[in-house]
Amino acid sequence: MELSDAALVDIVLKGESEAYAKLVARYRDRYARFALHMLGNREDAEEALQDAFVRAYRSLHRCGEPARFGSWLLAILANRCRTAGGKRARHEKRFVSAEDRHFAIALDHPADASAWREEIVRALARLDADQREAFLLKHVEDMEYEQMAVVTGAGVSALKMRVKRARERMRRMLTEGGHAPAR
Amino acid sequence: MRQHDEFDATQEGDEMLERAVEELRRPLRVNSALFDARVMDEVLRAPSGVRQRLAHLARPRTIRVSPIIALAAGLLFAVSLAGSVLYILPTSRRVDSGAEPRTVAHAAASSPVVQFGFTAPNASSVALVGDFNDWDPKATPLRAASTGGVWSVEVPIPPGRHLYAFVVDGKVWRPDPAAPKAPGDDFGQPNSALTVVDPRMR
Amino acid sequence: MTNRSLFALAALLMCAPAALSAQDSRLDARLDARTREAVVTLIDSARAEGIPSEPLVQKALEGTSKHADAPRILAAVRSLARELGDATAALGAASTEDEVIAGASALHAGIAPAALSHMRASRVHGSLTVALAVLSDLIARGVPGDTATTVISALTGAGAPDADLLRFQQGVERDIAQGATPSAALGVRAQGAFPNSAPRRTP
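Residue numbers (this note's numbering), protein chains in the order written: chain X, 173 to 355; chain P, 17 to 218; chain C, 14 to 216.
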């Protein structure tokens, strides 16, 4: 039987830190997707996600609504993504080997799909951070505007405008390219 | 009526967008062993759990206090304007514990003391509200002087920038005419700004 | 500094309020459940980011005392959280809460984040709280932002103590009250502060 977020938060706060791993497992993949699309590369996304989980743990006692742990964590992650970007100076050069690849993307047709995916990600990268964030939360993470407002700190009408603009720009950029695999 | 080309372009655009969203929604698989290990490594390094940290962080916000001088912005005119008068206290005055208003949850007892004043000859009550007393009109009533309609109160206020206003007769909100207006969302009722200096000069 | 020690530093810099449960109950008494939930989530994620939360609580309480409706309260808290976050970014993570609060006020008044960073760089020792508060107040009085920033930056850069900054502001206000335009009042006072030269321009 699966424990709810609120129950897990409670257990962790009572001293069983190991239980936090269950929350990590619960949100890791979904939020990895968001972080990757926000930041455009795997290293930055992994770092932002790891950051967010650790910060959330360290402030867990301040999470006012344990049942909403997911939204709260996403708000932290969204902030991390904004302050991260690709600007973080890398102090160590990392070798990208099979072992270091922390993300794997499940693809049906790797050859065709990767160019298309690259194009999408490139288009996303050309949006403003605000617009990209709103677009991803609405269309990929399926959030309601009210919830997006809580996560991003922006107002509902501003978010609607951002989504609208993002859609317009994405539409334009994608029709100018030409890598979409044939159906 | 739209041109044939435009219509095609829009439809094509919508389709591309749909497909892009489809692609973006594909679930991501994370190498969990590696990722989870890194997170839990950080998490478990913390001294036995979050509660210790809670105890460690639960000390009050540092308020540098030295009850020598309190300076408030917007004064130095010891001129009585139509709304209010604000005085600087040249030396610290310990307010009598009997007269000290119940307020200022966040200030230490030795915060600089600021005197607030408001002229309202026809009022039956005047209260001070601000970010130092939870904006509670019941927390800090002013005392009326015996003549002249000047109301006043002395309050310890921690150093830093504060917003405040007066509430007359329990319902009418007034800023302090002698003080700078505070920018910011004031919900349609303007606030005044107060700057209290940390008295220790470096 | 490695990322790991940055986390540790960030955790230490997050000042917990003295009484956590007291804060929640203040909001409890005054907001409906749904608004409260949204406000609390906002405040908690701000705290996790190292953004001062007490001003957000106070903004929510201000709204309830003024009988504002829930969406307006939420909008005000959000916008303040944004400004506090931007001020933290511009002034640096080692800033005190007071500096960040005053910085948010300056940003709201229209000062650019870059100007805040510049002031931080020019006044390495000593709090910027009063300088930023004075800047906000001057602009509220009608002094143009660029000029005010230049003059205040010059004063802080020259090592003016807080009391002098306040006296400067009060002088400008007195002149305005007596009929000078805000720019003129600032100009005259700035001249007095730097009798032999024009203030250094903010780059």
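Please keep in mind that the hints were generated in silico from the structure rather than gathered at the bench.
There may be inaccurate statements among the hints.
Derived lysine-lysine pairs resembling PhoX-like cross-links, with alpha carbons at most 20 Å apart [said to hold, decoys possible]: (1) P/K197 with C/K79; (2) X/K336 with X/K310; (3) P/K187 with C/K79; (4) C/K79 with P/K154; (5) X/K332 with X/K310; (6) P/K154 with P/K197.
Just so you have them, the derived chain X footprint on chain C, three or more residues with Cβ under 8 Å [to be verified]: (7) 120 to 127; (8) 140 to 151.
For every residue, glycine included, the Cβ atom is placed at its ideal position computed from N, Cα and C.
Now the hints, each set against the structure:
1. P/K197 with C/K79: 17 Å, holds
2. X/K336 with X/K310: 11 Å, holds
3. P/K187 with C/K79: Status holds; Cα separation ~9 Å.
4. C/K79 with P/K154: 13 Å, holds
5. X/K332 with X/K310: Distance ~9 Å between X/K332 and X/K310 Cα, so the pair holds.
6. P/K154 with P/K197: Between P/K154 and P/K197 the Cα gap is close to 23 Å, so the pair fails against 20 Å, i.e. violated.
7. 120 to 127: Violated: only 0 residues of the stretch 120 to 127 of chain C have a Cβ under 8 Å from chain X.
8. 140 to 151: It is violated: at least three residues are needed, and the stretch 140 to 151 of chain C offers just 0 whose Cβ sits closer than 8 Å to chain X.
When each numbered hint is compared with the structure, violations occur for hints 6, 7 and 8.
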